[in-house]
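**Q** So you can see what is in the structure, the chains are spelled out below.
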Amino acid sequence: MAVSPSSTTGSVVQLSRVSKSFGDVKAVDDVSLEIQRGEFFSLLGPSGCGKTTTLRLLAGFEEPDDDGGEVRLLGEVVNKKRPYERKIAMVFQSYALFPHLSVQRNVAFGLEQRKTPKAEIGDRVRRALEMVRLEPDTFARRMPGQLSGGQRQRVALARALVLEPDILLLDEPLGAIDLKLRKEMQLELKSLNKQLGTTFVYVTHDQEEALTMSDRIAVMDNARVAQLGTPAEIYENPRTAFVAKFIGESNFFGGTAERRNGGGWEVARSGGGRFLVPDHPAIREGRAVRIAVRPEWMDVWRPDAVPPGENAVGGTIRDVIYLGETMHLIVTVPGCDDVTVAVRNEGQLIKPLPWKRGDAAAVAWRPEDCQILEEV
Amino acid sequence: MAAVRERLLAWLHPRPQARAWALLAPGTLWLLLFFLVPLIIMFVYSMMPRGIYGGVDPGFTLEHYRRFFDPLYLDILRRTFVWSIACTAICLVLGYPVAYAIARGGQWKNLLLFLVVLPFWTSFLVRTFAMIFLLRDSGLVNNWMLRLGVIEHSITLLYTPFAVMAGLVYGFLPFMILPIYASLEKLDLSLLEAAEVLGARPVERFRRVTLPLSMPGVVAGCLLVFIPALGSFLTADLLGGAKQMMIGNLVQNQFSAARNWPFGSAASFIVMALVLLAVMFYLRVKDRAPGEAPLR
Numbered sequence: 001m002a003v004s005p006s007s008t009t010g011s012v013v014q015l016s017r018v019s020k021s022f023g024d025v026k027a028v029d030d031v032s033l034e035i036q037r038g039e040f041f042s043l044l045g046p047s048g049c050g051k052t053t054t055l056r057l058l059a060g061f062e063e064p065d066d067d068g069g070e071v072r073l074l075g076e077v078v079n080k081k082r083p084y085e086r087k088i089a090m091v092f093q094s095y096a097l098f099p100h101l102s103v104q105r106n107v108a109f110g111l112e113q114r115k116t117p118k119a120e121i122g123d124r125v126r127r128a129l130e131m132v133r134l135e136p137d138t139f140a141r142r143m144p145g146q147l148s149g150g151q152r153q154r155v156a157l158a159r160a161l162v163l164e165p166d167i168l169l170l171d172e173p174l175g176a177i178d179l180k181l182r183k184e185m186q187l188e189l190k191s192l193n194k195q196l197g198t199t200f201v202y203v204t205h206d207q208e209e210a211l212t213m214s215d216r217i218a219v220m221d222n223a224r225v226a227q228l229g230t231p232a233e234i235y236e237n238p239r240t241a242f243v244a245k246f247i248g249e250s251n252f253f254g255g256t257a258e259r260r261n262g263g264g265w266e267v268a269r270s271g272g273g274r275f276l277v278p279d280h281p282a283i284r285e286g287r288a289v290r291i292a293v294r295p296e297w298m299d300v301w302r303p304d305a306v307p308p309g310e311n312a313v314g315g316t317i318r319d320v321i322y323l324g325e326t327m328h329l330i331v332t333v334p335g336c337d338d339v340t341v342a343v344r345n346e347g348q349l350i351k352p353l354p355w356k357r358g359d360a361a362a363v364a365w366r367p368e369d370c371q372i373l374e375e376v
Numbered sequence: 001m002a003a004v005r006e007r008l009l010a011w012l013h014p015r016p017q018a019r020a021w022a023l024l025a026p027g028t029l030w031l032l033l034f035f036l037v038p039l040i041i042m043f044v045y046s047m048m049p050r051g052i053y054g055g056v057d058p059g060f061t062l063e064h065y066r067r068f069f070d071p072l073y074l075d076i077l078r079r080t081f082v083w084s085i086a087c088t089a090i091c092l093v094l095g096y097p098v099a100y101a102i103a104r105g106g107q108w109k110n111l112l113l114f115l116v117v118l119p120f121w122t123s124f125l126v127r128t129f130a131m132i133f134l135l136r137d138s139g140l141v142n143n144w145m146l147r148l149g150v151i152e153h154s155i156t157l158l159y160t161p162f163a164v165m166a167g168l169v170y171g172f173l174p175f176m177i178l179p180i181y182a183s184l185e186k187l188d189l190s191l192l193e194a195a196e197v198l199g200a201r202p203v204e205r206f207r208r209v210t211l212p213l214s215m216p217g218v219v220a221g222c223l224l225v226f227i228p229a230l231g232s233f234l235t236a237d238l239l240g241g242a243k244q245m246m247i248g249n250l251v252q253n254q255f256s257a258a259r260n261w262p263f264g265s266a267a268s269f270i271v272m273a274l275v276l277l278a279v280m281f282y283l284r285v286k287d288r289a290p291g292e293a294p295l296r
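Chains as they are written, first to last, in my numbering: chain A, 1 to 376; chain B, 1 to 296.
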């Protein structure tokens with residue numbers, strides 16, 4: 001298959017039913033996805049979920065199984081192509097800077113391998129270093145061993161970006177640097193992505209990082225894509241309990257659909273009581289229903305003061321936790337796990353929360369804030 | 001006794017320098033007594049007249065050093081250097097791929113390492129004798145070649161430069177393999193992946209990443225082969241016969257059969273000085289070589 005001329009627009013990465021096994025273990029199982037040109041696309045999941053193997057399939061360090069689908073880059077099937085035959089760049093988790101080469105030699109490495117004219121190399125190395133905000137005159141001659149973690153990170157990025165790749169693969173590049181610098185780099189990466197128009201494929205286990213930077217996220221679980229969507233779709237409408245739990249915090253309630261009520265359904269909760277949920281194609285009368293509700297979409301009321309029209313479950317305050325920006329109220333509810341409710345901290349010194357351990361309380365939320373999970 | 005130990009430890013604890021010295025002392029004393037003192041004795045002997053029944057007579061002379069610059073001895077010296085360099089080069093060419101294979105050997109790594117070290121279980125003398133059985137006119141090598149029809153008559157292998165070189169390479173090869181293995185083994189595999197994704201094909205990847213990063217092992221291996229090869233005498237003695245003398249044979253001969261201790265000492269010191277110069281030169285060149293020139 002030749003390179004399609006349409007590769008200037010549309011999807012630059014296509015995985016069609018891709019599988020990869022190591023021995024008996026399926027590391028990537030029937031994964032299909034498309035990544036658009038210029039997109040910031042994250043593969044998110046816990047360790048061992050297959051996200052890194054997926055990235056390595058794109059880089060060419062791994063080959064899909066013999067009947068394991070197709071990997072296409074810029075329209076071309078690359079299943080059997082070695083990394084040096086693919087037009088990609090990559091930033092490694094460990095940075096993988098060549099310790100025997102100076103910063104400028106590291107950055108020039110890819111250009112030299114790709115037979116870039118000598119006269120051009122020096123200039124492009126300079127520009128790449130400036131792009132990642134490393135002063136060329138200060139850093140060009142340094143050895144990697146003389147740099148801090150954050151500086152190494154920037155050199156690794158420059159070494160990849162200097163090739164002006166269509167696709168940049170990043171394997172947890174911010175895992176090893178401290179929190180403050182990490183936040184800064186997240187924004188920088190995002191703005192580089194927009195500014196250069198390069199497609200970024202980003203592997204991370206950090207949900208907050210993925211939400212901050214990505215245009216779209218593929219949440220991976222157990223070698224498969226559990227959900228694919230924009231950060232808002234993933235966070236506000238998780239399809240499975242795994243996604244709801246992995247991205248942010250969630251409270252889970254289960255029950256049986258009893259009857260239609262207005263535009264939604266009335267559900268008998270397993271622990272007693274009822275709640276309303278919006279309509280959903282998967283709900284049938286008598287079927288089990290499981291929902292997730294985000295802590296910040298709930299409120300705690302006195303049992304007799306729940307606003308009308310809201311779902312409510314009664315329980316006992318187990319803990320009041322001070323987190324700074326927010327307060328968490330942990331409520332013990334019969335028939336399900338403890339429920340966490342997040343409320344804004346309006347100043348505990350001036351206006352303390354009226355709750356203490358052992359108080360009887362009702363947790364309430366609006367029916368439209370129920371996220372209905374597909375697997376029960 | 002326990003009280004003394006307690007007090008000694010209590011005294012050492014706040015004194016890191018004293019602790020370092022305490023750790024260094026046994027080895028240092030050993031070397032002083034059995035290495036430095038004999039070396040000084042030899043140095044003194046090398047400038048005294050020769051005694052009739054071995055040993056030395058009182059007096060001072062530089063005659064032995066002057067005598068060494070006889071063409072006869074210089075020839076031996078030249079041969080020794082050429083052979084040692086050749087031996088080092090052959091060990092490097094044979095040893096590097098082996099070290100590379102072991103470092104990438106996966107589950108076989110330990111077995112392969114064990115096999116490399118296995119020859120040390122027998123004495124070098126015995127192993128060198130074994131080579132005589134391989135190489136002599138009616139030895140295994142000649143027998144096989146005759147049977148396979150490679151040759152029609154036995155060829156002389158033993159007591160030739162070939163036999164000496166084969167023996168030297170055989171004896172020193174593990175000293176090349178082990179340090180190179182050690183440096184390849186700790187090579188970060190993600191560096192190789194980085195090179196590949198930056199467009200380096202396998203040959204380029206080896207030239208620009210693997211080889212430079214294994215240079216410390218190569219340097220150590222070359223020194224570990226070159227220096228002992230230069231001083232070896234057993235191999236040349238057993239496999240080379242009288243014609244293929246190396247400097248080690250000369251020295252050994254002076255101390256035993258010829259009973260000329262001062263001349264043996266002088267020869268030793270000249271070789272030592274030359275080794276020192278050669279190693280210094282080598283380390284200089286090596287420091288300059290692998291780093292790549294800056295851009296522009």
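Please keep in mind that the hints were generated in silico from the structure rather than gathered at the bench. Some clues are possibly wrong.
[Said to hold, decoys possible] Some but not every residue of chain B turned toward chain A, in silico, with C-beta under 10 angstroms:
{"hint": "1", "residue": "P49"}
{"hint": "2", "residue": "I52"}
{"hint": "3", "residue": "G59"}
{"hint": "4", "residue": "L62"}
{"hint": "5", "residue": "E63"}
{"hint": "6", "residue": "E185"}
{"hint": "7", "residue": "S190"}
{"hint": "8", "residue": "L191"}
{"hint": "9", "residue": "L192"}
{"hint": "10", "residue": "A195"}
{"hint": "11", "residue": "V197"}
{"hint": "12", "residue": "P202"}
{"hint": "13", "residue": "E204"}
{"hint": "14", "residue": "R208"}
{"hint": "15", "residue": "M215"}
{"hint": "16", "residue": "V219"}
Glycine included, every Cβ here is placed at the ideal spot set by N, Cα and C.
**Q** Output the numbers, in ascending order, of every earlier hint that fails for this structure.
**A** Structure breaks hints 1, 2, 3, 4, 5, 6 and 16.
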